[in-house]
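Participant: Listed below, chain by chain, are the residues.
There are 2 protein chains.
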Amino acid sequence: KDERITLAHGAGGKATHTLIEAVFLEAFRNPLLEPLEDQAVLSLGGPRLAFTTDSFVVHPLFFPGGDIGELAVNGTVNDLAMSGARPRYLSSGFIVEEGLPTEDLVRIAESMARAAEAAGVQIVTGDTKVVERGKADGCYINTAGVGVISHDLTLGASRARPGDVVLVSGPIGDHGITIMLARGELDIEADLTSDTAPLADLVDRLLAAAPGVRCLRDATRGGVATVLNEVARASDVAVVLDERAVPVRTEVRGASEILGIDPLYVACEGRFIAVVAPEDADAALDALRTHPQGTEAAVIGQVKADPPSLVLLKTEFGGTRIVDVLVGDPLPRIC
Amino acid sequence: KDERITLAHGAGGKATHTLIEAVFLEAFRNPLLEPLEDQAVLSLGGPRLAFTTDSFVVHPLFFPGGDIGELAVNGTVNDLAMSGARPRYLSSGFIVEEGLPTEDLVRIAESMARAAEAAGVQIVTGDTKVVERGKADGCYINTAGVGVISHDLTLGASRARPGDVVLVSGPIGDHGITIMLARGELDIEADLTSDTAPLADLVDRLLAAAPGVRCLRDATRGGVATVLNEVARASDVAVVLDERAVPVRTEVRGASEILGIDPLYVACEGRFIAVVAPEDADAALDALRTHPQGTEAAVIGQVKADPPSLVLLKTEFGGTRIVDVLVGDPLPRIC
Ligand SMILES: Nc1ncnc2c1ncn2[C@@H]1O[C@H](COP(=O)(O)OP(=O)(O)OP(=O)(O)O)[C@@H](O)[C@H]1O
Ligand SMILES: Nc1ncnc2c1ncn2[C@@H]1O[C@H](COP(=O)(O)OP(=O)(O)OP(=O)(O)O)[C@@H](O)[C@H]1O
Ligand SMILES: [Mg+2]
Ligand SMILES: [Mg+2]
Ligand SMILES: [Mg+2]
Ligand SMILES: [Mg+2]
Ligand SMILES: [Mg+2]
Ligand SMILES: [Mg+2]
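Chains as they are written, first to last, in the working numbering: chain G, 1 to 335; chain B, 1001 to 1335.
Excised from the complex, chain G in its bound form (with noise of 0.2 Å):
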């Protein structure tokens, strides 16, 4: 265990999961939160509820394509769409930085209030703290959701079994890039915005077609290598990849290639993975590319028995190599 923080425990990888088992499952653990899914799921007397939460932190504030207040609500309800339900209810926590410009702060509510509207989401609860200048960096917003599972299914990182199909909704990378670029670090111009979008939409048309389907995550931190890592060790099987069906526009293999990593490692914010019972595969990828935020959708992958607990690729050139969790945190703060 590390003695102090570094950025890589907040890179979603290998360094965040360690700490959260080591540090917050060890000290809370208890069956809900146990299986360290992308939400909760409660029962309190009526339907079963989905309870989530996200903060975000990206850098800069404003970027093409979104805001962190867009990302706010788009994350949150994308965990709870994770599990199915239907998002309704959101708290809005902000901290906000002493000198921030207070137009910054209106833009920054109005754009969550658009994204809540565009979710069918309503934000009913919330708080402001502020603290001095230097002792944040402009404000971080945290989101927590409340959800409505009113299907019956279980879905779950550990319910994949071999033979089943993967597949993502979209092109993979988007978000992650388009951060990096938005910072002018690198001395690249692409015609790239970030994919923050809200999925519950696209996730009730997958599960009305395809009951079939195991297990849901969005690709956010870690990107699509890491949320498959979490599936196959959660699930004691191997995921084989195949490179050349992963949808990755080109800009984002090009800058990609310049920051020197691999875009199954960059952040998504609005694409994400689902896992699909065999018979279940076609019905599942017709429903997610005939609807709007799917039309690029795609089968990258399947599930095998062996080796367990790994994701390996089927690289362009015929070779095979394995596909680790993130390791460090080559793209900081990008939501």
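These aren't lab readings, by the way, just hints derived from the structure by calculation.
The structure presented is a predicted model; accordingly, all values stated were derived computationally and were not measured.
Fair warning: there could be bad hints in the mix.
Calculated cross-link-like contacts (lysine-lysine; reagent style BS3-like; alpha-carbon spacing at most 25 Å) [what the hints assert, rightly or not]:
(1) B:Lys-1135 x G:Lys-14
(2) G:Lys-314 x G:Lys-304
(3) G:Lys-135 x B:Lys-1014
(4) G:Lys-135 x B:Lys-1304
(5) B:Lys-1314 x B:Lys-1014
On the chain G side, residues computed to face chain B include the following (Cβ under 7 Å) [claimed, not checked]:
(6) His-9
(7) Phe-24
(8) Leu-100
(9) Thr-102
(10) Leu-105
(11) Asp-127
(12) Ala-144
(13) Asp-191
(14) Val-246
(15) Pro-247
(16) Thr-250
Glycine included, every Cβ here is placed at the ideal spot set by N, Cα and C.
Please arrange chain B with the ligands on chain G, whose structure you already have, making use of the hints.
Facilitator: Coordinates of chain B with the ligands only, in the frame set by chain G:
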């Protein structure tokens, strides 16, 4: 409207309310947020649910009688309890500064776990972000909470009526003064600890004995003066306080004088105000006093028709003065 955010916007008083109404309520407006109660009440097909959130940015992280973790649990538990809900589930959203000793994080998580256990809640979902050195102050924590409301009472700041009685559950200001002393900025020592505590149990007892409770508010940022101003405005009544009746420890009184602040504005993290119909006032006081957390509860004032929307204080010396909402931020980052 100020052009930039100032510390006063985070103090819980006048500037905070103006900001919340002009920016957040304006953008998010809906019937559940609109009353600006301590929690939103949700109807999702089962029992009524309470939903709330708070972020915690207290400095220092550890202080006599508690730490940021315990505060983060009790604060959200208490905003749920103010609706008479039984707190059930919490989220835990951490924003950690690069460089924080891991052992501090462990200590904080363990403290949250103990506080959750004591309050009868489970921490079922969370999130962990890391920001660069200097971009936070050790760590910030957001908690959101869900509770179950099993009574039929409707509580709210707008329900106070002339003749009602105002109670406080214990001595005020311990928490805020403890934090100021812990910073070592004042050259005094006092035998004082934070009053942070979960209040749901005490509230249960109160509501069972006194169904005529109109409204409950925990006296956090802005103190008793600020929450009573909220009640006076929302109900369009006067609240008349008796200065001699307000329980304030000698140490708090002394330190407040040195700091030049009235204890009525100093935050508590384990005290609440109850407005109670006159016929239930005795039962309410009795219910509080016979519970270990309420032994020093007191009747501190009365609701009158005039002057509407104001809080008045009958001073020890026989005079009467207006107690306005908190202006400025004399005690920054106490929670
Ligand atoms: N501080 C914490 N306390 C308790 N549980 C936590 C904490 N941080 C993360 N978790 C849990 O760990 C799991 C992984 O969290 P993580 O934030 O990586 O998921 P995510 O929200 O889907 O990803 P992202 O934050 O990149 O959108 C979840 O089950 C989450 O509830
Ligand atoms: N950023 C925000 N977005 C939406 N609503 C907000 C926001 N900040 C505060 N509110 C709402 O404003 C009201 C007052 O919030 P406040 O945080 O002052 O209450 P509290 O939690 O009881 O006090 P404290 O935070 O000092 O414990 C609540 O109804 C809260 O839901
Ligand atoms: Mg997720
Ligand atoms: Mg998430
Ligand atoms: Mg609050
Ligand atoms: Mg409160
Ligand atoms: Mg509060
Ligand atoms: Mg998260």
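Participant: Look at each hint and say if it fits the structure.
Facilitator: Each hint tested on the structure:
1. B:Lys-1135 x G:Lys-14: Holds, at roughly 23 Å.
2. G:Lys-314 x G:Lys-304: Roughly 13 Å between the alpha carbons, so the hint for Lys-314 (chain G) and Lys-304 (chain G) holds.
3. G:Lys-135 x B:Lys-1014: Between Lys-135 (chain G) and Lys-1014 (chain B) the Cα gap is close to 23 Å, so the pair holds against 25 Å.
4. G:Lys-135 x B:Lys-1304: violated, 44 Å
5. B:Lys-1314 x B:Lys-1014: holds, 22 Å
6. His-9: holds, 5 Å
7. Phe-24: Since chain B brings a Cβ to about 6 Å from Phe-24 (chain G), closer than 7 Å, the hint holds.
8. Leu-100: At 5 Å from the nearest chain B Cβ, Leu-100 (chain G) passes the 7 Å test, so the hint holds.
9. Thr-102: holds, 6 Å
10. Leu-105: holds, 6 Å
11. Asp-127: Because about 5 Å separates Asp-127 (chain G) from the closest Cβ in chain B, which is inside the 7 Å limit, the hint holds.
12. Ala-144: holds, 3 Å
13. Asp-191: violated, 29 Å
14. Val-246: Violated. Min distance 27 Å.
15. Pro-247: At 28 Å from the nearest chain B Cβ, Pro-247 (chain G) fails the 7 Å test, so the hint is violated.
16. Thr-250: violated, 31 Å
Checked against the numbered hints above, the structure breaks hints 4, 13, 14, 15 and 16 and satisfies the rest.
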